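**Student:** If you want the building blocks of each chain, they are given just below.
Protein chains: 4
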Amino acid sequence: MEAFSDGVIAILITIMVLELRIPHHAQLSALQGLRSIFFSYLLSFVFLGIYWNNHHHMLRATERINGKILWANLHLLFWLSLFPFVTGWMGENHFAKAPVITYGVIDLCAAIAYYILLRLILAEQGPDSVLARAIGRDVKGKASPIIYLIGIALGFVNRWLALGAYIVVALIWFIPDRRLEPRPSTEEIGA
Amino acid sequence: MEAFSDGVIAILITIMVLELRIPHHAQLSALQGLRSIFFSYLLSFVFLGIYWNNHHHMLRATERINGKILWANLHLLFWLSLFPFVTGWMGENHFAKAPVITYGVIDLCAAIAYYILLRLILAEQGPDSVLARAIGRDVKGKASPIIYLIGIALGFVNRWLALGAYIVVALIWFIPDRRLEPRPSTEEIGA
Amino acid sequence: MEAFSDGVIAILITIMVLELRIPHHAQLSALQGLRSIFFSYLLSFVFLGIYWNNHHHMLRATERINGKILWANLHLLFWLSLFPFVTGWMGENHFAKAPVITYGVIDLCAAIAYYILLRLILAEQGPDSVLARAIGRDVKGKASPIIYLIGIALGFVNRWLALGAYIVVALIWFIPDRRLEPRPSTEEIGA
Amino acid sequence: MEAFSDGVIAILITIMVLELRIPHHAQLSALQGLRSIFFSYLLSFVFLGIYWNNHHHMLRATERINGKILWANLHLLFWLSLFPFVTGWMGENHFAKAPVITYGVIDLCAAIAYYILLRLILAEQGPDSVLARAIGRDVKGKASPIIYLIGIALGFVNRWLALGAYIVVALIWFIPDRRLEPRPSTEEIGA
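Protein chains in written order, with this note's numbering: chain A, 1 to 191; chain B, 1 to 191; chain C, 1 to 191; chain D, 1 to 191.
One or more hints might be untrue.
Chain copies aren't distinguished; within one or between two, either way the pair holds.
Derived DSSO-like pairs: lysine-lysine, alpha-carbon spacing no greater than 30 Å straight-line [unchecked claim]:
# : residue 1 : residue 2
1 : 97        : 140
2 : 142       : 97
3 : 68        : 97
Hints in this document: simulated from the structure, not taken from any laboratory. Keep in mind the model is a prediction, meaning the values are calculated, not measured.
Chain A extracted, bound-state conformation:
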């Protein structure tokens, strides 16, 4: 399951860069027109990087899975697979209101899907598992959907406020979940 998810996220990250269409002329000024697309790509690269990072740590601490977990994982991948679309739409339209709000909605759905996946995995491991103790109260996981919701609402007033909210979530998660960080070991390498 980890190899498959890693594969999908790796492909999504790489497919997004195809939105950076090659300019037809060779002046440096041609790159200016790509600024919005570049920043949109950068933002989504960070988001997908965060998902990969946390997903990776979560599965490392997971000892048992079941059929429901496999489907919850596919559910998460489905929402992540819409990132290239919303990233391109937002970038090509220079962070216009509708794409920025839609971007937040996809972010929100992915965050909820991640939350569901985590809960199902926790339920399978039992209350005394390494993962359960590592996750603890899961403040980040609960705060993210709420911040996204606030961001989406703010987007109807001002799109930059919405973007600000999304960036706040990115910053919250940027630091990999120390709770789940594996004890350094040779096994970590060569996965």
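Dock chains B, C and D against chain A, hints included.
**Tutor:** Relative to the frame of chain A, chains B, C and D by itself:
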């Protein structure tokens, strides 16, 4: 073989999303024109998810492979590789009759290829293998091609009946094959 | 090295299918215009499948690698990476003379690259290795470049003769190298 | 982490080949127009091959990772992900000045990102680790950014001088880092 197949299915799932072309304007209404393509994508995402899921469980319970099995696996991947094409054709034409029927034909070919692969794997493991006992009478595997055939035939009368038949197959398989579900174990993780 | 090569071949196989452009109308007749592209795709799918298959078996029987082998492997992947291009060019132009000859040249380069890779791997394993005994005189490996050369020459006379020669090579290799087929074992699975 | 990075690099290498657009006519002369794009692709294929090669050897000699290393790795992958864009831009514009300089800037950023990643990994392994002894003074790693800087500066005078500098870096790295080459072992295979 599992890593290669997982890779191909991961790429196919992700390539399909490229059909969701980015609209040139930034109104939310632009998303309405993509509804058919979105639902077509969703349907194929579920189908490929099911194949990945069952393929994964099947190989977990497989102890020996041979050259025929490798080719039967490539044969299955060939039909799966046509999913992005038929998915896009069906979605872009708002589930018109010809694409819907063609979609069913590809579904049917993939189902037959999966059946052949399973039979070859079962033959290699022997009649008393874990897999043979887990598969049992394989009602799902035998019913799927028949339902697809009925769906294709119905498609000539009414395309929605055909789509209904395909969705019935999806629902049948949605629940991962409990028969093959591995006993929860650490090995399952980190594959 | 095996995971990376498998990844590249999986992506190449899947990228080729993007050449099957989605028709803009929904009649079944639209598929007729895609016949050449479809057969071109099918041929290259088989070729890449053969390379994956033999590459997989070769690496399974390989016990030691070195820096030269890593580069010889990248050299092979380079020629394989040109398959989507020549496949699309040949298919879109209905097997016209120039693309068919170019296709053979890329086939030839890949076959030579495979031969070089095999020789370097054999040299590293030593004359008494499992691989050396399994490969034996390597009639297939030596015959393939010669048949490609004949095919390319014939292509200047008649393109169908060239295609015939390429298909002969495919048939020769179709049967996975029994010499290298691993003794059935649990290790084979879960790679 | 290695599987994910290998996946991203494999996809980047393969996506670059999509820039080799299929000509609309079937004369051999059509290939002449693709010469620049082909050489641009070849150069980037070698660069990404070098990164994969060294990255692979570095991680093989790595025994412990931490959160910072995961992000430094994503940082490297970000710059590598811009290779298809700059490669295509440089190739389509027949190695014009602006794209050639931009190509060098991306090369430089990737080289710096690799250097940071290596330093963080070395710090985690400790001064007496296998990796620290193998890397030694790291002349190549320190020389590369400097040569890139010189190349970028030369690019403002003459683009071919810039390209020459980039090729010098490629040649320096072409030989895989013998320092890190693993003792030949069965473990190397089947990674």
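**Student:** Could you run down the list of hints and mark each one as holding or not?
**Tutor:** Going through the hints against the structure:
For a Cα distance limit of 30 Å, the shortest separation of residue 97 from residue 140 inside one copy, 27 Å, qualifies, whereas the shortest one across copies, 47 Å, does not. Only within a single protomer do residue 142 and residue 97 lie at most 30 Å apart by alpha-carbon distance; the minimum there is 26 Å, versus 45 Å between protomers. Taking identical chains as interchangeable, the C-alpha atoms of residue 68 and residue 97 are never at most 30 Å apart, the minima being 36 Å within one chain and 35 Å between chains.
Of the hints listed earlier, the one the structure fails to meet is number 3.
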